[in-house]
Amino acid sequence: MAEGAIATSQSGESLLFLTDEQIRKGVEAMYFAYRGFTADPDRILHQYGYGRAHHRAIHFINRSQGMTVNNLLSVLGVTKQSLNRVLRTLIEDGLVESRIGKRDKRERHLFLTETGGKLEQELSGAQRARMRAAYRVAGPEAVAGFRQVLEAMMDPELRRHFSTLKDNEA
73 MAEGAIATSQ SGESLLFLTD EQIRKGVEAM YFAYRGFTAD PDRILHQYGY GRAHHRAIHF
133 INRSQGMTVN NLLSVLGVTK QSLNRVLRTL IEDGLVESRI GKRDKRERHL FLTETGGKLE
193 QELSGAQRAR MRAAYRVAGP EAVAGFRQVL EAMMDPELRR HFSTLKDNEA
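Numbering (my numbering) for the sequence shown: 73 to 242.
Be a bit skeptical, because a hint or two may be false.
As a list, the in silico BS3-like pairs of lysine-lysine whose alpha-carbon atoms are at most 30 Å apart [unchecked claim]:
no., residue 1, residue 2
1, 152, 97
2, 152, 177
3, 174, 190
4, 152, 174
Estimated spans, in silico, between C-beta atoms of each pair [stated by the list, open to error]:
no., residue 1, residue 2, range
5, 149, 102, 26 to 34 Å
6, 227, 135, 16 to 24 Å
7, 197, 170, 20 to 28 Å
8, 121, 224, 33 to 41 Å
9, 193, 90, 37 to 45 Å
10, 236, 115, 27 to 35 Å
11, 210, 175, 41 to 49 Å
Honestly, the hints are just simulated from the structure, not real lab data. In this text, all values refer to a predicted model and were calculated from it rather than measured experimentally. Even glycine gets a Cβ: it sits at the ideal position worked out from N, Cα and C.
Between the sequences and the hints, there should be enough to build the whole structure, so can you do that?
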């Protein structure tokens, strides 16, 4: 079974049979794809002395300008201490602005500055270009299938975070 087999059960649902070797190749493909996906931003981040944690923070602050620190903690799944180190650097470097909440003075809301927005565009532009090229090669059906696979791999809580991100087509 080189490509896997699809069978239909008595209830009419499609069942996919893959060998352990096929699953292993998929896992390995994800590892190597991730290396490619992060390589371009890593080169850009290195110029600023930043790492992937900075990139993730910048990305999600951009996606939800004004999000609270607690919400960002939840989305990123990192410790408060780790996030505070990243945010402190981004704020000191003028990329992120932290504002006290208007309704709840205990909350801190995060916004990208103009400089932060420019860095986010540079980082996400590199990743979008790579994704666009790969999608073009794979075709629309593969793109839809790839997204289904990614969503199916998410834990339920992470899928909720993913589904609540507003769709703002750029």
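Hint check:
no. : hint                  : in the structure
1   : 152 / 97              : 36 Å, violated
2   : 152 / 177             : 19 Å, holds
3   : 174 / 190             : 27 Å, holds
4   : 152 / 174             : 22 Å, holds
5   : 149 / 102: 26 to 34 Å : 18 Å, violated
6   : 227 / 135: 16 to 24 Å : 19 Å, holds
7   : 197 / 170: 20 to 28 Å : 25 Å, holds
8   : 121 / 224: 33 to 41 Å : 37 Å, holds
9   : 193 / 90: 37 to 45 Å  : 39 Å, holds
10  : 236 / 115: 27 to 35 Å : 31 Å, holds
11  : 210 / 175: 41 to 49 Å : 45 Å, holds
In the structure shown, a violation is registered for the earlier hints numbered 1 and 5, in ascending order.
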